[in-house]
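2 protein chains.
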Amino acid sequence: MALIGQQTLNHQLSLFNDLISPVSVAVIGASPDRTKIGNAVLENLVNQGFKGKIYPVNPSYEEILKIKCYPDILSVPGKVDLAVIALPAKIAPTVLEQCVKKEVSFVIIVAGGFSELGDEGRKLELSLKDKLKGTKTRLIGPNTVGVLFPHSNVNTALTPGDRIWFPKEGHIGFISQSGALGLLVMDAISGNGTGISGFVNIGNRADVDEEDLMEMFLDHEETKSIVAYLESIANGERFFKTLRRVNMEKPVVILKTGRTRESSAAASFHTGAMASDDRVMNGVLRQMGVVRAYNEVELIDFGKAFAYALPLQGKRIAVLTTAGGVGVLTTDLLTEENERPSLAMAKFSDEEIAELKKHALPIASLNNPIDLTADGSTEAYAAILEILSGSDNVDGIIAYALPQTPKIDSSVVQHIITASKKKTTIVGIIGNRLTQDLMLEFEKNLIPAYPSIERTVASMKALYLRNTYMRRIVHEQ
Amino acid sequence: MALIGQQTLNHQLSLFNDLISPVSVAVIGASPDRTKIGNAVLENLVNQGFKGKIYPVNPSYEEILKIKCYPDILSVPGKVDLAVIALPAKIAPTVLEQCVKKEVSFVIIVAGGFSELGDEGRKLELSLKDKLKGTKTRLIGPNTVGVLFPHSNVNTALTPGDRIWFPKEGHIGFISQSGALGLLVMDAISGNGTGISGFVNIGNRADVDEEDLMEMFLDHEETKSIVAYLESIANGERFFKTLRRVNMEKPVVILKTGRTRESSAAASFHTGAMASDDRVMNGVLRQMGVVRAYNEVELIDFGKAFAYALPLQGKRIAVLTTAGGVGVLTTDLLTEENERPSLAMAKFSDEEIAELKKHALPIASLNNPIDLTADGSTEAYAAILEILSGSDNVDGIIAYALPQTPKIDSSVVQHIITASKKKTTIVGIIGNRLTQDLMLEFEKNLIPAYPSIERTVASMKALYLRNTYMRRIVHEQ
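Respectively, the protein sequence lines represent chains A and B. Just so it is clear: in the first sequence, position 443 is 443 by the numbering used here, and no numbers are missing. Just so it is clear: in the second sequence, position 297 is 297 by the numbering used here, and no numbers are missing.
It cannot be assumed that every hint is accurate.
Same chains, same label: a pair holds when it works inside one copy or across any pair of copies.
Okay, derived cross-link-like pairs now, DMTMM-like style, lysine to aspartate or glutamate, Cα gap no bigger than 25 Å in a straight line [said to hold, decoys possible]:
1) Lys357 x Glu120
2) Lys51 x Asp162
3) Lys358 x Glu120
4) Lys444 x Glu351
5) Lys102 x Asp162
6) Lys168 x Glu120
7) Lys407 x Asp33
8) Lys36 x Asp375
9) Lys36 x Glu379
10) Lys168 x Asp437
11) Lys423 x Glu337
12) Lys90 x Asp375
13) Lys407 x Asp278
14) Lys358 x Glu386
15) Lys168 x Glu386
16) Lys423 x Glu221
The set of hints was computed from the structure by calculation and includes no laboratory data.
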């Protein structure tokens, strides 16, 4: 397996490097008009600090945003790694042909109006495919909002940067069949400081599809987990084969919609692709050892857990809190069996309980969940975390960081970081003003932290699911 | 029913008025020492702008926070409506006795160290009950973080105001058996501008219990829905009788933990009360027509839906979005059956579709979900909302307010307000910077808005659940 991984690595790196980390990017249809997509794409590229060459292409201008403008892609000097075509669908095939002639490595076609709009559009999309045949040029889209690679400051998003926040560099590779959903989710997670290693909206995937991108992220060093929003699968056999192989090395989380008859119909109107039977999908994903998310929040939550936390080796969870009710509710959700399995409350040895008692006030509850109460101090919290993270009776820790009580200060972050290096740790946070800073601090330190009890518990369950899947798969081999 | 409601109203208003809207509040154990609870309680009362008389009580000071201080409660001149005892458990019975003698209407005992700590504590708690016998004084607690009534600026919370945000005045009555969980949840919802009509942490409920408070909120005009976090029920028969009656007039949402064996044990360590069998609880709540929340986020989400939205009269939902993937995922979650029932996608008549077509761009999808695409304008959005809110084929609307696309501006809020007066409307929002202002705007206008697809859909399902319950109950009568 490792050998195959290595071979793939070298192969893919050379293949997708011009997309992930291009030296030169052209924006065809660039415009100074702020209502045009060709303006937003160029502005995002410039404003997000892309350090390579930027070539606006538009025959009507000498320069745009003070950058020299070219009449067509063939006039651009030297190699172009990535070209974004921000022009109407009808002329896209002609412009793509020029890009192929220029030997552009990757082309992004933003416009919709292809296969998602019926027969005529399908013909137009086929003509795009024809232009690519026998060439080395790869196409993203059409009908895509673009790509984002924060490590190399590549941002070709079609949404103006004053309307949206883009995530900073991180470790989650994000593939989305829906462009708008992808942009909205990235906007949402940016508020908590969650970063991504890359984002690609596959759109109508006339060429580059979800399998290519899973391979790409597998071989991308910064990517620690891969999350994908899919409404349909282009090629079932190839998809599952790739998914299985990729997921063995890097955790993949799939949010597959079209689970009901009604939403399957909605998906076909949206992207023109027909969805498969969801029971089949469910069974196959389980067999592949792939964890499924059921909504856009879980998708990133689980991606974060997989990217940041140590793998969870068993189901015995210790819960540490300074708020009793939070511990009770956590126990409820951890030990119930819903669409995910129930986990177990870790049982401490007598020696451990004696040790725990040394640090907690007499009113504290040392049964699991451990409730230090509102009088719990940072020192007690730290000492107990150390015991838990060293315990053979504990597989994972849910640590609530609740800075609202006066004796808990922000140094709990440091203690949680220490614990999380020894034992799988997920952090729960509930609140507002004080917790916001804490959340950013946890993100900066790559500690998976969540602003609700349910999300905290669900993410621990996702880690457990992957662990049981992987054990079974390894056992079967 | 209406007549009984009216009788209860007059009765209860006189009874609980001194708690909800006191003219004079004493803080016994008030302190200038910022590490003391007696300081936090006094400061919160002063800083939240309580307009009545405030009496600090402490024999060691002439004044605290520049307010005249009294040596004991009996020395305070005139009537005291509400007294907070912020002193250790051991001396609480003696001080309570003084409050009874003073004919204080409501006493809050903050200290823990009673029945939750075993036999000795139970005895101490019994002595509190003894002091109340045959008197008109009512006790909240012991072991309580206090109460909040924003409409009258009453805030006796034990957490310093620089550690937490308190909600503004609103329409959700919040009962919590756990103090810490209650405070954390209030901190969290304040960030989105969600208000409450009142909060009471019942603590060990030596006297005032969840039933009393449901009655209180039933008769409190500002309260439109009641949400309760409970780990155990004090008196099953009385609880269910009260709940059934209250819920017929004002929607009640129950978050009852101790659902599993493990969490039931955790709850008994936390509040000393034993939890009941959860299957029984589930069946009875359903029979009572009471909607259940499964976590702290749903508790307030559903409370908000019930307090703000028109009742949902059927299961046919129209979904309006400018992001295709959001529509597909919404359809998925709406039409799936999980712990809550599946709803139906509304089907429009031919006339309605013709009407819808007049307003949307040709690329828009007018099947339900209606996807106006990123090119959808505020005008199209408004026109279509008007059609949906007037349609006999639609029971409820899920409207996504996504201001990230350039043609959608903040005036969508106004159009959604208009629609929500005609038809049950729930708003979904995904994002960060731009959406935060929109969320506050929706809250200000009492439109239920949620920052995730799952929460949006779950809240619509909660409305539907109540509708089916109520229909059945009315039918049975």
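The hints, checked one at a time:
1. Lys357 x Glu120: Between copies only: 21 Å across, 74 Å inside.
2. Lys51 x Asp162: Intra 21 Å, inter 43 Å, cutoff 25 Å: intra-copy only.
3. Lys358 x Glu120: Between copies only: 23 Å across, 75 Å inside.
4. Lys444 x Glu351: neither (36 Å within a copy, 54 Å between copies)
5. Lys102 x Asp162: Neither, since 33 Å and 62 Å both go past 25 Å.
6. Lys168 x Glu120: For Lys168 and Glu120, the Cα distance exceeds 25 Å both inside one copy (39 Å) and across copies (56 Å).
7. Lys407 x Asp33: This pair counts as between: shortest inter-copy Cα distance 15 Å, intra-copy 55 Å.
8. Lys36 x Asp375: between (57 Å within a copy, 11 Å between copies)
9. Lys36 x Glu379: between (56 Å within a copy, 20 Å between copies)
10. Lys168 x Asp437: both (16 Å within a copy, 23 Å between copies)
11. Lys423 x Glu337: This pair counts as within: shortest intra-copy Cα distance 24 Å, inter-copy 36 Å.
12. Lys90 x Asp375: between (68 Å within a copy, 18 Å between copies)
13. Lys407 x Asp278: Answer is neither; intra-copy 50 Å and inter-copy 36 Å both fail.
14. Lys358 x Glu386: within (13 Å within a copy, 65 Å between copies)
15. Lys168 x Glu386: Neither. Shortest intra-copy (32 Å) and inter-copy (40 Å) distances fail the 25 Å Cα cut-off.
16. Lys423 x Glu221: within (23 Å within a copy, 51 Å between copies)
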